[in-house]
Amino acid sequence: PGATMAQEKKNKLVAECKVLRAFFYMRLNELYGRNGLGVPIYTEPISPAEGNKGQSSEEEVWALIIKDLTDAINESALPNNQIQGEGRVSKGAAYALRGRAYLMTKKYDQAVADFAKVGESGYKLFSNYKQLFKVANERCEEMILSVQYIEEPSGYGSAVQKYTAAFQQGAKDSRGCWTDLQVTPALVNLYEEIIDGTTVRPFSWSDYIPEWNTVNALGAPNRKVFFIRDQKVNGNDVHPTVTTVINTELNKLNSTARALYLPEGNEARLKAAYANRDPRLAYNVVTPYASFQGVNSNSTAAGMYTYRFPVTGKYYVDQSGAEPNLNSSLPGSYYTSGSANAQAEFKYIHRKFVGEGLEYARREQNPIDEPIIRYADVLLMWAEALVEMNDLPGAMAKVKQVRDRVGIPTMASSFSDQNKARNYVRDERRRELIGEGVNFFDEMRWKTLKETKFNEKFAQHAWGGTENTGGTTYEWIGDQWYTWPVPKSEIELNKNLKPTPGWVY
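Following the working numbering, the numbering of the sequence shown begins with 1 at its first residue and continues without gaps.
Just so you know, the hints here were simulated from the structure itself, not pulled from any lab data. Check each hint, because a few of them may be wrong.
Here are the simulated lysine to aspartate or glutamate pairs, EDC-like style, with alpha carbons at most 16 Å apart [claimed, not checked]: (1) K453 - E475; (2) K12 - D71; (3) K271 - D230; (4) K420 - D391; (5) K106 - E59; (6) K447 - D417.
These figures come from a predicted structure and were not determined experimentally.
Required output: the full structure, derived from the provided sequences and hints.
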């Protein structure tokens, strides 16, 4: 309060701080504050010894969040938007966050009013979904609030590419990425099939592979037969080593499944299942036998790589890698890549926030900003609130705006009743906002995490079978997972904190 600066500047900075405080308290309340129990509220500077409050109620925390955002909205010094700005908060961001708080507390009419104000503040959809997640457009009219990154070695860049990309989707400093975070088959299957300019239908494997259900009845591992690479090109074996690794995989399968393998045409059969889908699938995910612009083993040249399974070497396979003879003996480019452990795994891999070729200098410190909230998110939260108000035509109109950008029809049949509309809006959020740190919090508040995200093993193959490199098996112990426990160490330090119900201390 005693800082010597112009009052207008001080007011603006205080408003910015209140928006950020509201955001972080929102996150805390979403994770630790359910079933009436919130988190401790501190609104004044304190000494370490004074950090001994117990939890306020969940409602009291939401009230603080809404008050902070309202104060910021009412501050005349805070600009309406920060389009082409440098990552600072704006009234539009405050409206978006307050609308989300109202949505979380089921005050749907107030949420709708705030979401409308976001557009009035100047924010709107960017024209090109694929290009939205490039450095050139990270300050466009869709980005309301983002984590700011710069490309330099001291820790202010994004490491998303390193942990999500295929091994050869690296950068100038290293071609190797780790594929630690993958896309689930369930999410890939949510991307609809486009029939024509007015019609979509849910994706079904049996529409493309009639034998899918027969093999599925034999157990998920047998579905692998449809995902194995071609043994032959133009009637000739690709290479004896490729034949060997293919046979190794086939011999793990039931004989009925094994008989369905196509030595020449297995790849084409599978690729057809991804061809006429929602374009966001190809923008967001490296699917089996899709190509991407990657980096060679010396990080000196870009090239097109095809994601295949199995490969004959563990990591990269280019002109100086594990399959050099294969590549040089075939016409054209046959460069192949896999995940970070491609001999054992074949997963769906992220494209979003991943550079192409030598686009970036550092795989672990790249400059792509990560959106915290963007206008498509606002439109879909707006649609969610309208569904809960039973304004289904209004909800459909908001969803249609998002889908029109990528040329996908929005069908009235998806909004024919409230429950169907609710599920459709949720699925649209999953499709649109993949990889942006949004879906987890959605599944937590909807209490759908067990059905949509939880997996007893480390990861899932593209065919849906689970694998677990580390040997750990996870167990869903109950719905207390929807409320994170206050850490035992914090309770030992502060006796006023109550243990989270349902957790053993």
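Verification of the supplied hints:
no., hint, in the structure
1, K453 - E475, "13 Å, holds"
2, K12 - D71, "11 Å, holds"
3, K271 - D230, "12 Å, holds"
4, K420 - D391, "13 Å, holds"
5, K106 - E59, "12 Å, holds"
6, K447 - D417, "21 Å, violated"
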